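Once you've looked at the hints, dock chain B against the given chain A.
So you can see what is in the structure, the chains are spelled out below.
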Amino acid sequence: MTKQKENIAIKFAGDSGDGMQLTGAQFTDNTAAHGNDFATFPNYPAEIRAPQGTIHGVSGFQIHFGSRLIHTPGDEFDVLVAMNAAALKDSLSGLKSNGVLIVDRAGFDKKNLRLAGFDPDQDVLSSPMVNNFDCIVVEASRFAQETLADSPLDPKAKDRSKNMFILGLILWMYSRDIASVERFISEKFKDDEVLRKANLEVLEAGYHYGETAELSRYKTEVKAASLAPGEYRNIMGNTALAYGLMAAAAKAKLHMFYGSYPITPASDILHELAKHKYHGVQTFQAEDEIAAACAAIGASFGGALGVTGTSGPGLALKSEAVNLALMLELPLVVVDVQRAGPSTGMPTKTEQSDLLFAMYGRNGESPIPIVAAGSPSGAFSAAYWACKLAVEHMTPVVLLSDGYIANGSEPWRFPQLDKLPDIMIPKAPEDKGMGESYLPYQRNSDLVRSWVTPGTPNKQHRIGGLEKELETGNVSYDPDNHQAMTDMREEKVRRIATYLPNQEIHCGESQGDLLILGWGNTTGIIQSSVKELMEDGFKVGQIQLGFINPMPKNLGEILNKFKCILIPELNTGQLLKLMTIAYPTCNFLGLHKVKGVPFKKQEIVDEARKILKEVENGQ
Amino acid sequence: MDSKKLTARDYASDQDLRWCPGCGDFAILKQTQMVLAEIQADPAQTVFVSGIGCSSRFPYYMNTYGMHSIHGRATAIASGLRLTRPDLNIWVITGDGDSMSIGGNHLIHLLRRDLNLNVLLFNNEIYGLTKGQYSPTSKQHIKTKSSPFGSVEKPFNTLSLAFGAGASFIARSIDREAKHLQEMLKRTNEHEGTSLLEIYQNCHIFNDGAFEQFTDRKAQKLNAIFLRQDEVISFGENNEKAFRFDGLSPRAVDKANYPAEELWIHDESDALKASILCNWVESNPELPKLFGVIYAKKQSNNARNMDSDVLDERYVNDLIKGRKTWSV
Numbered sequence: 001m002t003k004q005k006e007n008i009a010i011k012f013a014g015d016s017g018d019g020m021q022l023t024g025a026q027f028t029d030n031t032a033a034h035g036n037d038f039a040t041f042p043n044y045p046a047e048i049r050a051p052q053g054t055i056h057g058v059s060g061f062q063i064h065f066g067s068r069l070i071h072t073p074g075d076e077f078d079v080l081v082a083m084n085a086a087a088l089k090d091s092l093s094g095l096k097s098n099g100v101l102i103v104d105r106a107g108f109d110k111k112n113l114r115l116a117g118f119d120p121d122q123d124v125l126s127s128p129m130v131n132n133f134d135c136i137v138v139e140a141s142r143f144a145q146e147t148l149a150d151s152p153l154d155p156k157a158k159d160r161s162k163n164m165f166i167l168g169l170i171l172w173m174y175s176r177d178i179a180s181v182e183r184f185i186s187e188k189f190k191d192d193e194v195l196r197k198a199n200l201e202v203l204e205a206g207y208h209y210g211e212t213a214e215l216s217r218y219k220t221e222v223k224a225a226s227l228a229p230g231e232y233r234n235i236m237g238n239t240a241l242a243y244g245l246m247a248a249a250a251k252a253k254l255h256m257f258y259g260s261y262p263i264t265p266a267s268d269i270l271h272e273l274a275k276h277k278y279h280g281v282q283t284f285q286a287e288d289e290i291a292a293a294c295a296a297i298g299a300s301f302g303g304a305l306g307v308t309g310t311s312g313p314g315l316a317l318k319s320e321a322v323n324l325a326l327m328l329e330l331p332l333v334v335v336d337v338q339r340a341g342p343s344t345g346m347p348t349k350t351e352q353s354d355l356l357f358a359m360y361g362r363n364g365e366s367p368i369p370i371v372a373a374g375s376p377s378g379a380f381s382a383a384y385w386a387c388k389l390a391v392e393h394m395t396p397v398v399l400l401s402d403g404y405i406a407n408g409s410e411p412w413r414f415p416q417l418d419k420l421p422d423i424m425i426p427k428a429p430e431d432k433g434m435g436e437s438y439l440p441y442q443r444n445s446d447l448v449r450s451w452v453t454p455g456t457p458n459k460q461h462r463i464g465g466l467e468k469e470l471e472t473g474n475v476s477y478d479p480d481n482h483q484a485m486t487d488m489r490e491e492k493v494r495r496i497a498t499y500l501p502n503q504e505i506h507c508g509e510s511q512g513d514l515l516i517l518g519w520g521n522t523t524g525i526i527q528s529s530v531k532e533l534m535e536d537g538f539k540v541g542q543i544q545l546g547f548i549n550p551m552p553k554n555l556g557e558i559l560n561k562f563k564c565i566l567i568p569e570l571n572t573g574q575l576l577k578l579m580t581i582a583y584p585t586c587n588f589l590g591l592h593k594v595k596g597v598p599f600k601k602q603e604i605v606d607e608a609r610k611i612l613k614e615v616e617n618g619q
Numbered sequence: 620m621d622s623k624k625l626t627a628r629d630y631a632s633d634q635d636l637r638w639c640p641g642c643g644d645f646a647i648l649k650q651t652q653m654v655l656a657e658i659q660a661d662p663a664q665t666v667f668v669s670g671i672g673c674s675s676r677f678p679y680y681m682n683t684y685g686m687h688s689i690h691g692r693a694t695a696i697a698s699g700l701r702l703t704r705p706d707l708n709i710w711v712i713t714g715d716g717d718s719m720s721i722g723g724n725h726l727i728h729l730l731r732r733d734l735n736l737n738v739l740l741f742n743n744e745i746y747g748l749t750k751g752q753y754s755p756t757s758k759q760h761i762k763t764k765s766s767p768f769g770s771v772e773k774p775f776n777t778l779s780l781a782f783g784a785g786a787s788f789i790a791r792s793i794d795r796e797a798k799h800l801q802e803m804l805k806r807t808n809e810h811e812g813t814s815l816l817e818i819y820q821n822c823h824i825f826n827d828g829a830f831e832q833f834t835d836r837k838a839q840k841l842n843a844i845f846l847r848q849d850e851v852i853s854f855g856e857n858n859e860k861a862f863r864f865d866g867l868s869p870r871a872v873d874k875a876n877y878p879a880e881e882l883w884i885h886d887e888s889d890a891l892k893a894s895i896l897c898n899w900v901e902s903n904p905e906l907p908k909l910f911g912v913i914y915a916k917k918q919s920n921n922a923r924n925m926d927s928d929v930l931d932e933r934y935v936n937d938l939i940k941g942r943k944t945w946s947v
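Sequence order for the protein chains is A and B.
What the first sequence shows, in my numbering, is residues 1 to 619, in sequence order.
What the second sequence shows, in my numbering, is residues 620 to 947, in sequence order.
Only chain A is shown next, with the shape it has when bound in the complex (with noise of 0.2 Å):
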């Protein structure tokens, strides 16, 4: 009786209150649980209670998960939750067309059609737009009361507990065992017997009525993937981060400190370190994104490992203490956390525009390392990355991760810290015992001074922003050390390149017609593309570039293996621009999206094969 299915990608989009964000994480933990890989994408308002019922008001959580493996979150969905009429206005069109759609009926009440922008007299659920989908229409917030009807709650305490019932239906719909969730929220509400007691009656409500009301039908079943043995856990892009960068304090030994202003989407990363204060994590909100970094700065000068996480605003505001901590030659790590837009732009949408400010928006000659996390569970590595060359190489360091990367989750096959790369301190030589003074700017063959704290016993010295003279660091205004100076800089980037690893092949050929090249949360979406269209016998590759200044040593190699490069990028062109500066005798090729959401396969695709089509005919 129950179907059986490879994948499948689910929508659950109701009004901001209606607590699909919840719905949509304990469904993800729940398909954890169950052994299928996954990608998911929650898309929610800015505003924290958005118009009830309008279409801005709108929150939506997709998951894509399956028993192969899944790249993202899809293009299109099977399956729509709609909670209201807003909800359905505005997500209607992802749905396949042999989708399913599931309505509660009490959002589509005329109020809810009014607020939705319908016509309030029209029976919307009965109109050929929802008529064309398989339409299940459930009394979630009517069986919600009933199930309640025993409960000391008031109704709009009873209401809130729909998406329970929602949550229920669909797990019963693909065959799930929802002792975890029940697990969740007995814990959730441990110290609230009333409300634990109804949010577990409605789940089990929810989860009987697809019997009961004979949905037998639309049960499915999605098996375990096989995904590359070993442990798994979900991580989210934000969480991931924020353990990379404590991983890299512990493996360098170091005190961590994290300086950051409140921003989305950036604030969760603040969260989760602020809960390890008691374990060598100090977190510090500062009056704004200068002090932030600027304290970061501070802690880094006296030995911790300084870092200070942010959004495309707060980048801006931080500049010039990125450029200080450039001259001081200490470690910081600014994290970049990209949402959409210019000035304060879309801040909960996504996008990949600040890629050029990271690289040139400070004043003078100022080069600095960018490392970008290439999905949530990446983002691990990337902030391990980040912290490792800023303390190596005595630098600040900009780790670009975005919306989509932050509040995105998939399995992560998580690693053990010892398997991790070590994280050398650079440390000042050996005193000869001669007394001689100790020369701060000095440095080692990869042009790195030494990192020596306050405290440190007749090593006493200064630094600052100012032009320093090479070596003792004195401040100089010499023409010739200026130029000296600032090449010297320029060099110390580069020769970054000989420590990273090298890039590697993501996906498909490693020569052929055609190379996707893509960095940050193309991943996904950027693999699926290329398995399409290696199945129709194209010869395609993917890399996905994670150290975008300086680039890995044998990126030149890789590129010069293919006829056509083409980079699709969440903004104009930037990393293109990059790129054709670095590699101008390769044929670059961009595609470009600022939409505030991420690409579609399909978009990939088709400018894929409009590509190779040309490279056929030998244009």
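Treat each hint with caution, since some may be false.
As the list claims (entries may be wrong) - Derived SDA-like pairs: lysine to any residue, alpha-carbon spacing no greater than 20 Å straight-line: (1) A/K459 <-> B/N708; (2) B/K940 <-> A/L227; (3) B/K940 <-> A/R413; (4) B/K624 <-> A/P51; (5) A/K110 <-> A/P51; (6) A/K156 <-> A/W172; (7) B/K624 <-> B/R870; (8) A/K277 <-> B/R732; (9) A/K577 <-> A/N560; (10) A/K427 <-> A/L447; (11) A/K275 <-> B/K940; (12) A/K253 <-> B/G855; (13) A/K253 <-> B/K874; (14) A/K277 <-> B/R933; (15) B/K943 <-> A/Q416; (16) A/K563 <-> A/I505; (17) A/K253 <-> B/Y934; (18) A/K419 <-> B/R933; (19) B/K943 <-> A/A33; (20) B/K943 <-> A/R413; (21) A/K419 <-> B/N936; (22) A/K459 <-> B/S946; (23) A/K275 <-> B/D931; (24) A/K275 <-> B/L938; (25) A/K427 <-> B/A663; (26) A/K223 <-> B/S946; (27) B/K874 <-> B/G855; (28) A/K188 <-> B/D931; (29) B/K908 <-> B/D931; (30) B/K623 <-> B/I658; (31) A/K459 <-> B/A627; (32) A/K277 <-> B/Y934; (33) A/K188 <-> A/E204; (34) B/K940 <-> A/F414; (35) B/K943 <-> A/E231.
What the hints assert, rightly or not - Not the full set, but computed from the structure, chain B residues with beta-carbon under 7 Å of chain A: (36) Q659; (37) A660; (38) P662; (39) I689; (40) A695.
Worth flagging that the hints you see were computed from the coordinates, not collected in a lab.
Keep in mind the model is a prediction, meaning the values are calculated, not measured.
Ideal Cβ positions, reconstructed from N, Cα and C, are used throughout, including at glycine.
Just chain B, lined up with the frame of chain A:
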């Protein structure tokens, strides 16, 4: 640290001093070095952090650890250093433009957090390094390069600003009063929490004589009140005046007419009286300006004794693993 006794010269670096001849900064540098010698501060445990401006060159001249940072941010940088290094003795060197204009936000938040730092605010009521623009402490109507017709802006009452931000220690001194300055530097250093010492400092080039009324022996008597703990607050040409409270309002009276216990006796730990000093006496143009320790809150070590341990690998391994895992 060597076991031999350190002298003021041991706290001086080998760098040539580059302030203009006659600058008040020389005196402050000298008194600071003398005080450090007096308390035998360990140069390796001492840090000077400055922002930008003439006074912010200070760390280069000290044979301690030091950082000359960016405009207005020394307070923020020193905060990060303080939080991670409770063992160090940290001094912030800043000016009126640096701390009260571009760095105003960091100053008030530092005072609110009350981290254990010594802040020396060199107030010359002018922008010197940028060659003579009016500052947030310049007197109203001052004519400068950026206010050729006279500035319309009112200056900050620095004491009131600090008190309003929750400062636990507020003191003022002046470059020319060597002994007083030394005493105030020592008090600043002794206080646990953020100690703000405002030092009136003459800019010989762009605002010469701004504080002459406090340094000229005769004028000083009329224009300055030097506060002493447990002593009657007195002023006037022959110290003949004092304050007497009429309810909460202090009235200037002739000292001779009242027994001492009816007059305002300075108690630096009294927050209410400090508030009246900062907000009422200091802002009254008819009254002399205040010098000395205006407010020193009695408190135990308020430095946040955060855990500065390094991260433990096992802890991080457990964290990474989390509570819900599955094996494939």
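How the hints compare with the structure:
no.: 1; hint: A/K459 <-> B/N708; result: 16 Å, holds
no.: 2; hint: B/K940 <-> A/L227; result: 17 Å, holds
no.: 3; hint: B/K940 <-> A/R413; result: 9 Å, holds
no.: 4; hint: B/K624 <-> A/P51; result: 72 Å, violated
no.: 5; hint: A/K110 <-> A/P51; result: 16 Å, holds
no.: 6; hint: A/K156 <-> A/W172; result: 26 Å, violated
no.: 7; hint: B/K624 <-> B/R870; result: 50 Å, violated
no.: 8; hint: A/K277 <-> B/R732; result: 18 Å, holds
no.: 9; hint: A/K577 <-> A/N560; result: 18 Å, holds
no.: 10; hint: A/K427 <-> A/L447; result: 13 Å, holds
no.: 11; hint: A/K275 <-> B/K940; result: 16 Å, holds
no.: 12; hint: A/K253 <-> B/G855; result: 62 Å, violated
no.: 13; hint: A/K253 <-> B/K874; result: 65 Å, violated
no.: 14; hint: A/K277 <-> B/R933; result: 16 Å, holds
no.: 15; hint: B/K943 <-> A/Q416; result: 16 Å, holds
no.: 16; hint: A/K563 <-> A/I505; result: 16 Å, holds
no.: 17; hint: A/K253 <-> B/Y934; result: 13 Å, holds
no.: 18; hint: A/K419 <-> B/R933; result: 13 Å, holds
no.: 19; hint: B/K943 <-> A/A33; result: 8 Å, holds
no.: 20; hint: B/K943 <-> A/R413; result: 12 Å, holds
no.: 21; hint: A/K419 <-> B/N936; result: 11 Å, holds
no.: 22; hint: A/K459 <-> B/S946; result: 52 Å, violated
no.: 23; hint: A/K275 <-> B/D931; result: 15 Å, holds
no.: 24; hint: A/K275 <-> B/L938; result: 11 Å, holds
no.: 25; hint: A/K427 <-> B/A663; result: 17 Å, holds
no.: 26; hint: A/K223 <-> B/S946; result: 15 Å, holds
no.: 27; hint: B/K874 <-> B/G855; result: 10 Å, holds
no.: 28; hint: A/K188 <-> B/D931; result: 29 Å, violated
no.: 29; hint: B/K908 <-> B/D931; result: 54 Å, violated
no.: 30; hint: B/K623 <-> B/I658; result: 14 Å, holds
no.: 31; hint: A/K459 <-> B/A627; result: 18 Å, holds
no.: 32; hint: A/K277 <-> B/Y934; result: 12 Å, holds
no.: 33; hint: A/K188 <-> A/E204; result: 17 Å, holds
no.: 34; hint: B/K940 <-> A/F414; result: 7 Å, holds
no.: 35; hint: B/K943 <-> A/E231; result: 10 Å, holds
no.: 36; hint: Q659; result: 15 Å, violated
no.: 37; hint: A660; result: 12 Å, violated
no.: 38; hint: P662; result: 5 Å, holds
no.: 39; hint: I689; result: 5 Å, holds
no.: 40; hint: A695; result: 4 Å, holds
Of the numbered hints given earlier, the model fails hints 4, 6, 7, 12, 13, 22, 28, 29, 36, 37; all others are met.
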